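Q: Letter by letter, the chains look like this.
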Amino acid sequence: MRVLSVRAASRAADIKSARAILAETVGHPSKTVMIIRRVGPEITRFADKAGTRSDPFPWREIVWVTDQRIFRPGQEDELFGAHPDACAVVLDLAGHPATWLDPSAQLFDIEDAFLGAEGR
Amino acid sequence: MKASLFGPAALTAGWLVTVAGALSAQNPDCAAGAVRYVEWAERGPLAQSGRPLPALQATEYGVDINSRIQIAVDTACLIAYLDRQAAGPAPSARSRALRSRVDSLVAILGAVPTAIEQLQQTFDAYARGGAEAGPVFQERLQTSSTTIRRILRALQAAIQARLEAGDSTRADASRAAKADFDAVLSGGGALPYDWPVLRALINREIELTRADLDQFHRTAGYALELRAHLLSGKGQYPVGLAGYNDETPCAETRVEPIELEISPEQAQLFQQAESLEHRIGAVRGVGNVVVGSVSADLDRIRPELDTLAGRAARAAAPVAAAGRSLVRWTRGDTLRLWTEGLSTALSRDPKGAAVKATLDSLADGLAQANADLDALRSFGSLKDQLAGVSAQTAMQAILARVEQIRRLTNDDAAPIRALQPATWVARAALVKRLAVQLGQLPPQLRDRIRSDPRGPVRDLETLGRALQQAADSLAGVSQDALGLLGRVLGLPPALLAANLPEPAGVRRRAVGAGLGTEIELTRICAARRENDVVQVEYRFFAGEQPIGGWTDRFRLRVFGLRSRVGAGLAFAIRQHTDTWRPGAAVSWIFTHRNWPRGPNRGLGDAAGLGQLGLGLTAVNLHFESDEAIELGIGPSLTFLGDRIVVGGGWNLQAHGNHLYGLLSIRLLDLARGT
Numbered sequence: 792m793r794v795l796s797v798r799a800a801s802r803a804a805d806i807k808s809a810r811a812i813l814a815e816t817v818g819h820p821s822k823t824v825m826i827i828r829r830v831g832p833e834i835t836r837f838a839d840k841a842g843t844r845s846d847p848f849p850w851r852e853i854v855w856v857t858d859q860r861i862f863r864p865g866q867e868d869e870l871f872g873a874h875p876d877a878c879a880v881v882l883d884l885a886g887h888p889a890t891w892l893d894p895s896a897q898l899f900d901i902e903d904a905f906l907g908a909e910g911r
Numbered sequence: 290m291k292a293s294l295f296g297p298a299a300l301t302a303g304w305l306v307t308v309a310g311a312l313s314a315q316n317p318d319c320a321a322g323a324v325r326y327v328e329w330a331e332r333g334p335l336a337q338s339g340r341p342l343p344a345l346q347a348t349e350y351g352v353d354i355n356s357r358i359q360i361a362v363d364t365a366c367l368i369a370y371l372d373r374q375a376a377g378p379a380p381s382a383r384s385r386a387l388r389s390r391v392d393s394l395v396a397i398l399g400a401v402p403t404a405i406e407q408l409q410q411t412f413d414a415y416a417r418g419g420a421e422a423g424p425v426f427q428e429r430l431q432t433s434s435t436t437i438r439r440i441l442r443a444l445q446a447a448i449q450a451r452l453e454a455g456d457s458t459r460a461d462a463s464r465a466a467k468a469d470f471d472a473v474l475s476g477g478g479a480l481p482y483d484w485p486v487l488r489a490l491i492n493r494e495i496e497l498t499r500a501d502l503d504q505f506h507r508t509a510g511y512a513l514e515l516r517a518h519l520l521s522g523k524g525q526y527p528v529g530l531a532g533y534n535d536e537t538p539c540a541e542t543r544v545e546p547i548e549l550e551i552s553p554e555q556a557q558l559f560q561q562a563e564s565l566e567h568r569i570g571a572v573r574g575v576g577n578v579v580v581g582s583v584s585a586d587l588d589r590i591r592p593e594l595d596t597l598a599g600r601a602a603r604a605a606a607p608v609a610a611a612g613r614s615l616v617r618w619t620r621g622d623t624l625r626l627w628t629e630g631l632s633t634a635l636s637r638d639p640k641g642a643a644v645k646a647t648l649d650s651l652a653d654g655l656a657q658a659n660a661d662l663d664a665l666r667s668f669g670s671l672k673d674q675l676a677g678v679s680a681q682t683a684m685q686a687i688l689a690r691v692e693q694i695r696r697l698t699n700d701d702a703a704p705i706r707a708l709q710p711a712t713w714v715a716r717a718a719l720v721k722r723l724a725v726q727l728g729q730l731p732p733q734l735r736d737r738i739r740s741d742p743r744g745p746v747r748d749l750e751t752l753g754r755a756l757q758q759a760a761d762s763l764a765g766v767s768q769d770a771l772g773l774l775g776r777v778l779g780l781p782p783a784l785l786a787a788n789l790p791e792p793a794g795v796r797r798r799a800v801g802a803g804l805g806t807e808i809e810l811t812r813i814c815a816a817r818r819e820n821d822v823v824q825v826e827y828r829f830f831a832g833e834q835p836i837g838g839w840t841d842r843f844r845l846r847v848f849g850l851r852s853r854v855g856a857g858l859a860f861a862i863r864q865h866t867d868t869w870r871p872g873a874a875v876s877w878i879f880t881h882r883n884w885p886r887g888p889n890r891g892l893g894d895a896a897g898l899g900q901l902g903l904g905l906t907a908v909n910l911h912f913e914s915d916e917a918i919e920l921g922i923g924p925s926l927t928f929l930g931d932r933i934v935v936g937g938g939w940n941l942q943a944h945g946n947h948l949y950g951l952l953s954i955r956l957l958d959l960a961r962g963t
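As they're listed, the protein sequences go chains U and D.
Letter by letter, the first sequence follows residues 792 to 911 of this note's numbering.
Letter by letter, the second sequence follows residues 290 to 963 of this note's numbering.
By construction, these hints were calculated from the structure, which means they are not laboratory data.
Note that the coordinates shown come from a computational prediction; the quantities given were computed from them, not determined experimentally.
A virtual CB, placed ideally from N, CA and C, is assigned to each residue, including glycine.
Among the clues, some could well be false.
[Stated by the list, open to error] Partner residues are not named here, just some residues of chain U that face chain D (Cβ under 10 Å, in silico): (1) Val817; (2) Pro820; (3) Ser821; (4) Thr843; (5) Phe848; (6) Phe899; (7) Asp903; (8) Gly910.
[To be verified] One side only, chain U facing chain D, incomplete, derived with CB under 8 Å: (9) Arg802; (10) Asp846; (11) Leu884; (12) Glu909.
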């Protein structure tokens, strides 16, 4: 899991490098990517569960964007637009959003989202 | 968090192989059938261990005439069979849903090994391509993820459906069902899925769903009626089945495999042959011997053939007179459609289901009534034609008429079925039952049914009377003659066994544990002969609705070494002469039939046509004079199951030329039922 954050002291540099990582991960042709947004105890628990369903698979990648400024302008809307309550989106191999999850998602929901993005 | 990109792939690959081998389908093994038979013969190589009969359904077995047949029922397999049977007219949406859920769970259990294999291929493809894994990996990933998702979703849906059927709300059931997967999805550490836990979860759900289905069946109900009958040349007799009817078994009677004395029936045949030996002249040539033998046989059964036509004419009259009411009940699908129209009203009344069931049975029972009436009329019109003609001509006329009826009615069984009194008794009983059940309905519904101008019920009494009169007219019709006709026409026992007498106190039992029973052949309350058939009929119900069944048959045989004493007319030819002289003969013949085992059903040559016999034949000879006592005795061979006896012997009283040859043809041996 890649945790992307922005430090106050190096805001611009962190945002730049984080955007690069995000772009590289999202555009990878052999990865199923989950992007998590926001912070808080609920999101942390969610991220733990998501890691459980990602770690055993080398092609699953999770990027946790802890600071909304990391998203390029308009990118968060592209990823989460119609799902304001969602804390995570799973992208398919082509990088298109496939499934959205809210913080209350269970392990089953997370696995189902990954499988949905990977399968037919 | 990811320790190594390829570590999990390597770890998983070896583990997957181990788990895949351990997985197997968890279906109950129903290959051996829902009903299993074990024959316990009193002798033979399997007398101690019992002979499990090959597991087939709706089939015929050969069993020892003195044996006991144990019937064991595998309830799980029977329910699976009934579920399939009920798939058409399903008893309820709930039953359908439960069946469908079990099917789905069994299917995904079977798909787990495939998922494991596919996932391994995905890991391999990824490992080969590294981070740049290309189209092959993507294709494999699509395949494995689709399979795994289908398994997980089907299982989750099944668990949720079960919980929803209980006290849970939809939301709670969904959450709880998903939580059941936590152990599968997080218990494996670095492994992708905990497959043994997943398999256990599927198995648990199959068991729970089956239990729900069993519970449903117990309450809403699959039920079984089991009937057994002995079908012999002399008639059809109900057989006692503990737990299924109140027929009382009779005292044990064994059929001795080694006969040492002549039976009363064979003694009668001997006397008939004696009476013929002076009336039939000597003949030249074997062809004339055959003609003479068959003519003698036909003469013997002539009186029985004559009664068939007379009784048919008497039985047809009342049914034909009630023709208008009968037509209302039998025309096309009229009764069935009318009954369907009443279904809703009947289903609202607690006693309506019984009326509906009887109406359905009547629709089935009367469907053939028109064909049977045609057959009775046709037979009845033979009465004058048979008067004064020879036995051969009478037999030819009857067989021609039977063929004509079969063509006319397009029903092979109609000629024999129509002449069976039981056919009409059973129909009359159904009409009576319906009248009683109608009387128990609430007045408004009862009157609506009785007075419906489109319905047949207002003619109920007329119809019942006509059917009973037909049955009374046919009572006493010769079962021997009917049996003979059936055999000459080559009709299987099933066709001859239409409308069997109902056993006393038939019970419908809920499908559950303890359905087994047994048939004690030696305690059947009727004489048994080799080649008789014991028929066991399974009728199943979902609630009040019949959902089919099947019939198994047990042909009674004598296995191992056996002997019988048989009598008949023989023709003997003295040495140095060319004429065959008739004489009454009695033969003591030994035959052997192997005891069946393994997949052998024990039928062998059903009619015994390939069976050879060896023995001694004694014959009345009339070589020196018609009046003098001349007795010949000598060895003989039998062919075609004792139907043809060929031999020779020594004339004990002759003054010279003691040797003679012998030929006896016994094609129509009523006493044996063959």
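Q: Given Gly910(U) was flagged as interface, is its beta-carbon under 10 Å from a beta-carbon of chain D?
A: Result: holds, 4 Å to nearest chain D Cβ.
Q: Is the hint on Val817(U) kept, meaning its closest Cβ partner in chain D is under 10 Å away?
A: Since the shortest Cβ distance to chain D is 15 Å, the answer is violated.
Q: Double-check Phe899(U) for me: the hint is only fine if its C-beta lies closer than 10 Å to a C-beta in chain D.
A: holds (4 Å)
Q: Tell me if Arg802(U) is really an interface residue toward chain D, meaning its C-beta lies closer than 8 Å to one of theirs.
A: violated (26 Å)
Q: Tell me if the interface restraint on Glu909(U) is satisfied: Cβ within less than 8 Å of some Cβ in chain D.
A: holds (4 Å)
Q: Should the hint that Ser821(U) touches chain D count as held when the rule is a Cβ pair under 10 Å?
A: holds (4 Å)
Q: Closer than 10 Å between Cβ atoms is the bar; does Thr843(U) clear it against chain D? Give me holds or violated.
A: Hint on Thr843(U): holds, closest Cβ of chain D at ~5 Å, below 10 Å.
Q: At a threshold of 10 Å, is the proposed contact between Phe848(U) and chain D supported by beta-carbon distances?
A: holds (6 Å)
Q: With chain D as the partner, please determine if Asp903(U) meets the hint condition of a C-beta pair closer than 10 Å.
A: Since chain D brings a Cβ to about 6 Å from Asp903(U), closer than 10 Å, the hint holds.
Q: Does Leu884(U) pass the interface hint, meaning its C-beta sits closer than 8 Å to a C-beta of chain D?
A: holds (6 Å)
Q: Pro820(U) was flagged as interface toward chain D. Is the shortest Cβ-Cβ separation under 10 Å?
A: holds (8 Å)
Q: Does the closest beta carbon of chain D sit nearer than 8 Å to the beta carbon of Asp846(U)?
A: Holds, about 6 Å.
Violated hints for the displayed structure, listed by number in ascending order: 1, 9.
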